[in-house]
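Q: Here is what each chain is made of, one letter per residue.
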Amino acid sequence: MPSPVLNAKHISKYYGSGHTKVRAVNDVSLEIQPGELMLIMGPSGSGKTTLLSMLGGLLKPSQGSIEIEGINITQLKESKLPNIRALKIGFIFQTFNLLDALTVEENILFPSQLRADSSGQAKQRANELIQQLKLEHRRRALPQTLSGGEKQRVAIARALINEPKLILADEPTGNLDSQTGQDVMMILHDIAKDHGYAVIMVTHDPRVEDIADRIMWLEDGALRDRKSETHQWARDPVCGMRVDEWKANNKFEYKGEHYVFCSQRCRERFERNPAEYVGIKK
Amino acid sequence: MFHWIWKSLFKQPGSLTGSALGIAFAFILVIFFDAVWQGESEQIIAYPDNVKPDIWVMQSGVSNMHMASSFVWDWKADKIARIPGVKQVTPILYLNNVITAGETKMFAFIVGLLPDAQRAGPWSMSAGRQIKNSGEAVIPDILSNLTGVNIGDQLSITDKTFTVVGLSSGTYSSANAVLFVPFNDLEDILSSTGTYSYLLVDVDDGINAKTLAEQIRYEVDKVNVLLHDEFIRNDFSLARQMGVEVIIIMTVICSVLAALIVAFTSYSLVMSKRQEIVIIKALGAKNRSIFFSVIFQSGLVTMFGFILAVVFAIFIIPSIPMLVPQLTLIVSMSSLLQLGVIAFVVAILGALLPTHLVLRLDPAAAFHV
Numbered sequence: 001m002p003s004p005v006l007n008a009k010h011i012s013k014y015y016g017s018g019h020t021k022v023r024a025v026n027d028v029s030l031e032i033q034p035g036e037l038m039l040i041m042g043p044s045g046s047g048k049t050t051l052l053s054m055l056g057g058l059l060k061p062s063q064g065s066i067e068i069e070g071i072n073i074t075q076l077k078e079s080k081l082p083n084i085r086a087l088k089i090g091f092i093f094q095t096f097n098l099l100d101a102l103t104v105e106e107n108i109l110f111p112s113q114l115r116a117d118s119s120g121q122a123k124q125r126a127n128e129l130i131q132q133l134k135l136e137h138r139r140r141a142l143p144q145t146l147s148g149g150e151k152q153r154v155a156i157a158r159a160l161i162n163e164p165k166l167i168l169a170d171e172p173t174g175n176l177d178s179q180t181g182q183d184v185m186m187i188l189h190d191i192a193k194d195h196g197y198a199v200i201m202v203t204h205d206p207r208v209e210d211i212a213d214r215i216m217w218l219e220d221g222a223l224r225d226r227k228s229e230t231h232q233w234a235r236d237p238v239c240g241m242r243v244d245e246w247k248a249n250n251k252f253e254y255k256g257e258h259y260v261f262c263s264q265r266c267r268e269r270f271e272r273n274p275a276e277y278v279g280i281k282k
Numbered sequence: 001m002f003h004w005i006w007k008s009l010f011k012q013p014g015s016l017t018g019s020a021l022g023i024a025f026a027f028i029l030v031i032f033f034d035a036v037w038q039g040e041s042e043q044i045i046a047y048p049d050n051v052k053p054d055i056w057v058m059q060s061g062v063s064n065m066h067m068a069s070s071f072v073w074d075w076k077a078d079k080i081a082r083i084p085g086v087k088q089v090t091p092i093l094y095l096n097n098v099i100t101a102g103e104t105k106m107f108a109f110i111v112g113l114l115p116d117a118q119r120a121g122p123w124s125m126s127a128g129r130q131i132k133n134s135g136e137a138v139i140p141d142i143l144s145n146l147t148g149v150n151i152g153d154q155l156s157i158t159d160k161t162f163t164v165v166g167l168s169s170g171t172y173s174s175a176n177a178v179l180f181v182p183f184n185d186l187e188d189i190l191s192s193t194g195t196y197s198y199l200l201v202d203v204d205d206g207i208n209a210k211t212l213a214e215q216i217r218y219e220v221d222k223v224n225v226l227l228h229d230e231f232i233r234n235d236f237s238l239a240r241q242m243g244v245e246v247i248i249i250m251t252v253i254c255s256v257l258a259a260l261i262v263a264f265t266s267y268s269l270v271m272s273k274r275q276e277i278v279i280i281k282a283l284g285a286k287n288r289s290i291f292f293s294v295i296f297q298s299g300l301v302t303m304f305g306f307i308l309a310v311v312f313a314i315f316i317i318p319s320i321p322m323l324v325p326q327l328t329l330i331v332s333m334s335s336l337l338q339l340g341v342i343a344f345v346v347a348i349l350g351a352l353l354p355t356h357l358v359l360r361l362d363p364a365a366a367f368h369v
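Order-wise, the sequence lines are chains Z and R.
Heads up, the first sequence is in this note's numbering, so the first residue is 1 and it goes up one at a time.
Heads up, the second sequence is in this note's numbering, so the first residue is 1 and it goes up one at a time.
Any given hint could be a false lead.
[To be verified] From chain Z, some residues computed to sit far from chain R (all C-beta separations above 10 Å):
{"id": "1", "residue": "Ser44"}
{"id": "2", "residue": "Lys77"}
{"id": "3", "residue": "Pro206"}
{"id": "4", "residue": "Asn249"}
{"id": "5", "residue": "Glu276"}
[To be verified] Pairs of lysine-lysine residues, derived as DSS-like cross-links and limited to a Cα-Cα distance of at most 30 Å, are as follows:
{"id": "6", "chain 1": "R", "residue 1": "Lys11", "chain 2": "Z", "residue 2": "Lys134"}
{"id": "7", "chain 1": "Z", "residue 1": "Lys165", "chain 2": "R", "residue 2": "Lys286"}
{"id": "8", "chain 1": "Z", "residue 1": "Lys134", "chain 2": "R", "residue 2": "Lys7"}
{"id": "9", "chain 1": "R", "residue 1": "Lys286", "chain 2": "Z", "residue 2": "Lys80"}
{"id": "10", "chain 1": "Z", "residue 1": "Lys9", "chain 2": "Z", "residue 2": "Lys21"}
{"id": "11", "chain 1": "R", "residue 1": "Lys286", "chain 2": "Z", "residue 2": "Lys60"}
{"id": "12", "chain 1": "Z", "residue 1": "Lys9", "chain 2": "Z", "residue 2": "Lys77"}
{"id": "13", "chain 1": "R", "residue 1": "Lys105", "chain 2": "R", "residue 2": "Lys160"}
{"id": "14", "chain 1": "Z", "residue 1": "Lys9", "chain 2": "R", "residue 2": "Lys286"}
{"id": "15", "chain 1": "Z", "residue 1": "Lys193", "chain 2": "Z", "residue 2": "Lys255"}
{"id": "16", "chain 1": "R", "residue 1": "Lys210", "chain 2": "R", "residue 2": "Lys52"}
{"id": "17", "chain 1": "Z", "residue 1": "Lys123", "chain 2": "R", "residue 2": "Lys7"}
{"id": "18", "chain 1": "Z", "residue 1": "Lys80", "chain 2": "Z", "residue 2": "Lys9"}
{"id": "19", "chain 1": "R", "residue 1": "Lys132", "chain 2": "R", "residue 2": "Lys79"}
{"id": "20", "chain 1": "Z", "residue 1": "Lys21", "chain 2": "Z", "residue 2": "Lys60"}
{"id": "21", "chain 1": "Z", "residue 1": "Lys134", "chain 2": "Z", "residue 2": "Lys251"}
{"id": "22", "chain 1": "Z", "residue 1": "Lys123", "chain 2": "R", "residue 2": "Lys286"}
{"id": "23", "chain 1": "R", "residue 1": "Lys210", "chain 2": "R", "residue 2": "Lys79"}
{"id": "24", "chain 1": "R", "residue 1": "Lys222", "chain 2": "R", "residue 2": "Lys79"}
{"id": "25", "chain 1": "Z", "residue 1": "Lys134", "chain 2": "Z", "residue 2": "Lys193"}
{"id": "26", "chain 1": "R", "residue 1": "Lys52", "chain 2": "R", "residue 2": "Lys79"}
{"id": "27", "chain 1": "Z", "residue 1": "Lys77", "chain 2": "R", "residue 2": "Lys286"}
{"id": "28", "chain 1": "R", "residue 1": "Lys11", "chain 2": "Z", "residue 2": "Lys123"}
{"id": "29", "chain 1": "R", "residue 1": "Lys7", "chain 2": "Z", "residue 2": "Lys80"}
{"id": "30", "chain 1": "R", "residue 1": "Lys11", "chain 2": "R", "residue 2": "Lys286"}
Worth flagging that the hints you see were computed from the coordinates, not collected in a lab.
Beta carbons are placed, not taken as given, at the ideal position from N, Cα and C, and that holds for glycine.
Given these sequences and hints, build the entire structure.
A: Here it is as structure tokens:
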């Protein structure tokens, strides 16, 4: 078994002291392997973003330790953390957080310029990501001219430019319509499955549950068993995601059977080689 | 990082223009008052600086011309003229007084010239002729423009009336105007006889002025003998103390104002980028990089403002005296360079406070932007 990309042990975050002490995150332990897609779910105010901030080296835990690729970031000096964030972690935000003045390509390249060993390879890598995420026609566009889905694809490319092993995504579909949200989820699914990134995603979106390897339920700062929810969904034969048959826009008939898909992307994959997916029990 | 800062600035051309114009305005004020200061400083010593004898001789205890009174017996001029090495002695009578030209009363330096004086008169005439007879006067052309008193018109000094026969150029400053009248008339006004105010001494070719000055001091009692440069230095120094210091105070006030505008502009620019700075901190930008980027931004905007101010100084300020002839403005390259250095320092200082604030921003806030 490969060593975990991230290993957090008994991390807690307290604010205030004495009677006013608030436990935002309480004794949370988790680890994630390469290629794994983990969801952190929970009600608002449960501490999800605080946990994600600590895992990303943006916030120091009050207790516990966090190792990223074997480096204990809780013991590092404050001045060393930016380097860890730039090289080891890719961030994807709910509000995209693109830099307004920079073009799509420049936004994607931005983290590569924070590296001490910034080189021409970054440009090549940016080109690959632009193609992979279907942004060729928007390469020179400014963020304000992009759709929500395009913005999030740029943010994903930016998170991947330095090839970090760990991707932290905070509600990446929160500001997107359902179809675009499904596309973005599939991209995150693919970067974990096809490219071996460890992806931790904070989300409220129940559709993501099916493509996740693990789901953590955070409530009152502590990890608990995930609450079960009953859904009646049809399964996407490509990715295995449950899709609401009544609302699904992507449908396809093959050998007399009706199939529904979470996104156009999955439908296109299916259309290219249906035999690969038919008969596979997900 | 620098690329981001550069593009961010040009992304909001209105904001950049506003900031640069604000800074330019402050610098223009500084350059303008400095130009007034330089111009008035030069103009207030225009008379001694233009007549430029090798040696000035005056009453003992007097060491300049501006607002001074000096009396030297006429026989001392004859004695100096006989000293070997003296080429020429030109005596003048001199009075600081208020003149009345038309409806205007103003302070003036009045120089009384002997009929046979070869020098010491107006060095440049813009109209009319030099004085020849009693009751005639040459006044500055700008004074003529301001008061409406032209050639053929009259003006008065104390109770004596003079007819303007010529207009001189380069003889006016807002602190004083230089008028030329016949020696006898000024003698009359002063009720003095047998005395001069200053002796303008020229030395023969090949004679060392310093050595000759020593000789005059040795041979002539109770006079002060100064080389031209020394005399000018004294005059300039006193003139500054008496009048130009007001301009210096104005210049200092404008400099402080400029510093505040630059500081405020830097602060506003940095604070407007606060959210994006949080994001780039989260992405892994180091505080040091952010610090230098913010300083770079502040320096860049200040530089734009400075360039605008210099363009204004070079192309607009020199034409202001055409509209306001009583102003003498001199924009010197050394002043602009000095201002450039000040601008750079002010830009850095102005960026320090906002930089300090943004460096303390919490990168975890990127999840809440």
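Q: A separate judgement is required for each hint: does it hold in the structure or not?
A: Results for each hint:
Look at Z/Ser44: its CB is around 13 Å from the nearest CB on chain R, clear of 10 Å, so calling it non-interface holds up. Every beta carbon of chain R lies more than 10 Å from that of Z/Lys77, the smallest distance being close to 12 Å; the non-interface claim holds. Under the 10 Å C-beta cut-off, the non-interface status given to Z/Pro206 relative to chain R holds; the minimum distance is some 21 Å. Once the 10 Å rule is applied to beta carbons, Z/Asn249 is consistent with being away from chain R; the minimum gap is 31 Å.
Under the 10 Å C-beta cut-off, the non-interface status given to Z/Glu276 relative to chain R holds; the minimum distance is some 38 Å. Proximity of R/Lys11 to Z/Lys134 is assessed by CA-CA distance (about 26 Å); at most 30 Å being required, the pair is judged to hold. Only pairs whose Cα atoms come within 30 Å are accepted, and Z/Lys165 paired with R/Lys286 is accepted, the gap being roughly 21 Å. Among the hinted pairs, Z/Lys134 with R/Lys7 is consistent with the structure: their alpha-carbon atoms are about 25 Å apart, no more than 30 Å.
Between the alpha carbons of R/Lys286 and Z/Lys80 the distance comes to roughly 9 Å, so the proposed pair stays at or under 30 Å and holds. A distance of roughly 21 Å separates the Cα atoms of Z/Lys9 and Z/Lys21; the hinted pair therefore holds under the 30 Å criterion. As the CA atoms of R/Lys286 and Z/Lys60 are separated by approximately 17 Å, the hinted pair is consistent with the 30 Å bound. Under the criterion of a C-alpha separation no larger than 30 Å, the hint pairing Z/Lys9 with Z/Lys77 is consistent with the structure, at around 19 Å.
Of the supplied pair hints, the one linking R/Lys105 and R/Lys160 holds, its CA atoms being roughly 14 Å apart against a limit of 30 Å. A distance of roughly 27 Å separates the Cα atoms of Z/Lys9 and R/Lys286; the hinted pair therefore holds under the 30 Å criterion. For the hint pairing Z/Lys193 with Z/Lys255, the CA-to-CA distance comes to about 29 Å; that is within 30 Å, so the pair holds. For a cut-off of 30 Å, the pair hint linking R/Lys210 to R/Lys52 stands: about 15 Å separates their Cα positions.
The hinted pair formed by Z/Lys123 and R/Lys7 meets the criterion: a straight-line CA distance of about 19 Å does not exceed 30 Å. Between Z/Lys80 and Z/Lys9 the CA atoms are separated by roughly 21 Å; this keeps the pair inside 30 Å, and the hint holds. Only pairs whose Cα atoms come within 30 Å are accepted, and R/Lys132 paired with R/Lys79 is accepted, the gap being roughly 27 Å. For the given pair, Z/Lys21 sits about 17 Å from Z/Lys60 by alpha-carbon distance, which is consistent with the 30 Å threshold.
Only pairs whose Cα atoms come within 30 Å are accepted, and Z/Lys134 paired with Z/Lys251 is accepted, the gap being roughly 22 Å. Under the criterion of a C-alpha separation no larger than 30 Å, the hint pairing Z/Lys123 with R/Lys286 is consistent with the structure, at around 22 Å. Restraint check: the Cα-Cα separation between R/Lys210 and R/Lys79 comes to about 18 Å, which is no more than 30 Å; the hinted pair holds. Distance restraint check for R/Lys222 and R/Lys79: the Cα-Cα separation of roughly 13 Å lies within the 30 Å cut-off, and the hinted pair is therefore satisfied.
The suggested pairing of Z/Lys134 with Z/Lys193 holds, with an alpha-carbon distance near 19 Å, which does not exceed 30 Å. A threshold of 30 Å between alpha carbons decides the hint, and for R/Lys52 with R/Lys79 the separation of about 21 Å falls inside it, so the pair holds. Straight-line distance between C-alpha atoms of Z/Lys77 and R/Lys286 comes to about 13 Å, which keeps the hinted pair within the 30 Å bound. Between R/Lys11 and Z/Lys123, the direct Cα distance comes to roughly 23 Å. Compliance with the 30 Å bound is thereby established for this hinted pair.
For the suggested pair R/Lys7 and Z/Lys80, the alpha carbons sit about 28 Å apart, so the restraint of at most 30 Å is met. Taking the CA atoms of R/Lys11 and R/Lys286, the gap is near 24 Å; set against the 30 Å cutoff, the hint holds.
Going through the hint list in order, the structure satisfies each hint without exception.
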